[in-house]
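Chains F and C supply the protein sequences, listed in that same order.
Numbering (my numbering) for the first sequence: 6 to 176.
Numbering (my numbering) for the second sequence: 5 to 166.
Hints are computed from structural coordinates only; laboratory data are not their basis.
In this text, a Cβ means the ideal position worked out from N, Cα and C, and glycines have one as well.
Be aware that one or more of the hints could be misleading.
[Said to hold, decoys possible] Derived pair list, reagent style DSSO-like, types lysine-lysine, alpha-carbon separation capped at 27 Å:
(1) F/K84 <-> C/K6
(2) C/K145 <-> C/K129
(3) C/K129 <-> C/K157
(4) F/K84 <-> C/K129
(5) C/K6 <-> C/K39
(6) C/K129 <-> F/K139
[Unchecked claim] Non-contacting residues of chain F with respect to chain C, defined by C-beta distances greater than 12 Å in every case (computed):
(7) R62
(8) A63
(9) E98
(10) E102
(11) P103
(12) R105
(13) H112
(14) Q138
(15) Q142
(16) Q147
(17) P161
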Amino acid sequence: MLIRSSVLRTYVAGNCSFRTFLLGAGLLFAVAGLTHAGEAPVVESVWGCLLYASNDRAADKMQPQMPSQIRDYDERLEKLLGYASIQTLGQGETVVEPDRPSSIVFHGNIRVELTGLTRQPGEHFLVVLRVFQKDRQLIETQANVTRGSPLFIRGPLWRSGQLVVAVMVVS
Amino acid sequence: MKTFEERYTAYLDGLLSESEAAIFERERPALVAQKVEWAKLQRVLRENLVSVELTNTDFFNSQLLQQITNAPSRSRSLVAGWLGIPWLAWGGLGAVTTGIALFITLIPHGDLSDPGSGYVAQVLKTTTIDPNVSATVESRKGITIIKLEGLEKVPADEDLTH
Numbered sequence: 006m007l008i009r010s011s012v013l014r015t016y017v018a019g020n021c022s023f024r025t026f027l028l029g030a031g032l033l034f035a036v037a038g039l040t041h042a043g044e045a046p047v048v049e050s051v052w053g054c055l056l057y058a059s060n061d062r063a064a065d066k067m068q069p070q071m072p073s074q075i076r077d078y079d080e081r082l083e084k085l086l087g088y089a090s091i092q093t094l095g096q097g098e099t100v101v102e103p104d105r106p107s108s109i110v111f112h113g114n115i116r117v118e119l120t121g122l123t124r125q126p127g128e129h130f131l132v133v134l135r136v137f138q139k140d141r142q143l144i145e146t147q148a149n150v151t152r153g154s155p156l157f158i159r160g161p162l163w164r165s166g167q168l169v170v171a172v173m174v175v176s
Numbered sequence: 005m006k007t008f009e010e011r012y013t014a015y016l017d018g019l020l021s022e023s024e025a026a027i028f029e030r031e032r033p034a035l036v037a038q039k040v041e042w043a044k045l046q047r048v049l050r051e052n053l054v055s056v057e058l059t060n061t062d063f064f065n066s067q068l069l070q071q072i073t074n075a076p077s078r079s080r081s082l083v084a085g086w087l088g089i090p091w092l093a094w095g096g097l098g099a100v101t102t103g104i105a106l107f108i109t110l111i112p113h114g115d116l117s118d119p120g121s122g123y124v125a126q127v128l129k130t131t132t133i134d135p136n137v138s139a140t141v142e143s144r145k146g147i148t149i150i151k152l153e154g155l156e157k158v159p160a161d162e163d164l165t166h
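Chain F with its partners taken away, still in its complex shape:
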């Protein structure tokens, strides 16, 4: 076969071309492996907050507004809950380690316990979370979340509104 292109001719005849090709392919696989790490336990920070949703405009001025982490969800949450204002009662962050439950505790002994955090393909996380009020478990749920996507749990009534817990993988 007559090879006219000097580039192709050099490529075919070159001593290092195959090695370079293997090196490039190896790099590609390494990048793909890093970006699509398989299912594995991970150590991640999980942030959570306790919110109070109500129609009490007076309370609106007393309590801080939505935390910056979930400020974009303000309107959607109000619409979904049917309340006109949302205030923050408390927030916290914890590191979730493999095979060891971690908790975020709020005032009133309301607690979110996180366990079994595993990374899924595509930067998704599987996590099991339990919400406790005092020592009573209210709910256990398993969720598939991405980093920066909060999961909201509407809890018990309090005063003229309702308590809401938000949990989000942050790092």
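Following the hints, complete the assembly by docking chain C onto the known chain F.
Then chain C, alone, in the frame of chain F:
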């Protein structure tokens, strides 16, 4: 006023007048012997140095050209070794691959004007221990909420802020 070098050169070449040469020799007597040696050298060179004509000029020229052609070119080997087209092609391919990999890993995807476009919070399973408590999952675009029903009301006097 002539310098010494000018007078000396003119003296050796016999360009000084007799009186000037006499004065110069009086000033520097050692130069007389040098002039004699110089004249001797000139005579020997004239007698022995003759030009030689080559009988095989074409062969001589071809040999010379062949040596010039075979001499390794440093610039050409440098270009072929490091900056040749194959290396540039592989370098470009590597740069593009790296760029694509960085784009995939670092640049956020989805519609950036919509903050909920990258949102994923999928509830796979919910369990409540208390039979009076029920959980329903409500998912809208960009937000997921689990709604618990049947919970006891938290006393109003309980301070949840401190």
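Evaluated hints:
no., hint, verdict
1, F/K84 <-> C/K6, "violated (111 Å)"
2, C/K145 <-> C/K129, "holds (20 Å)"
3, C/K129 <-> C/K157, "holds (25 Å)"
4, F/K84 <-> C/K129, "holds (25 Å)"
5, C/K6 <-> C/K39, "holds (19 Å)"
6, C/K129 <-> F/K139, "holds (23 Å)"
7, R62, "holds (17 Å)"
8, A63, "holds (14 Å)"
9, E98, "holds (18 Å)"
10, E102, "holds (22 Å)"
11, P103, "holds (19 Å)"
12, R105, "holds (21 Å)"
13, H112, "violated (5 Å)"
14, Q138, "violated (8 Å)"
15, Q142, "violated (5 Å)"
16, Q147, "violated (4 Å)"
17, P161, "violated (4 Å)"
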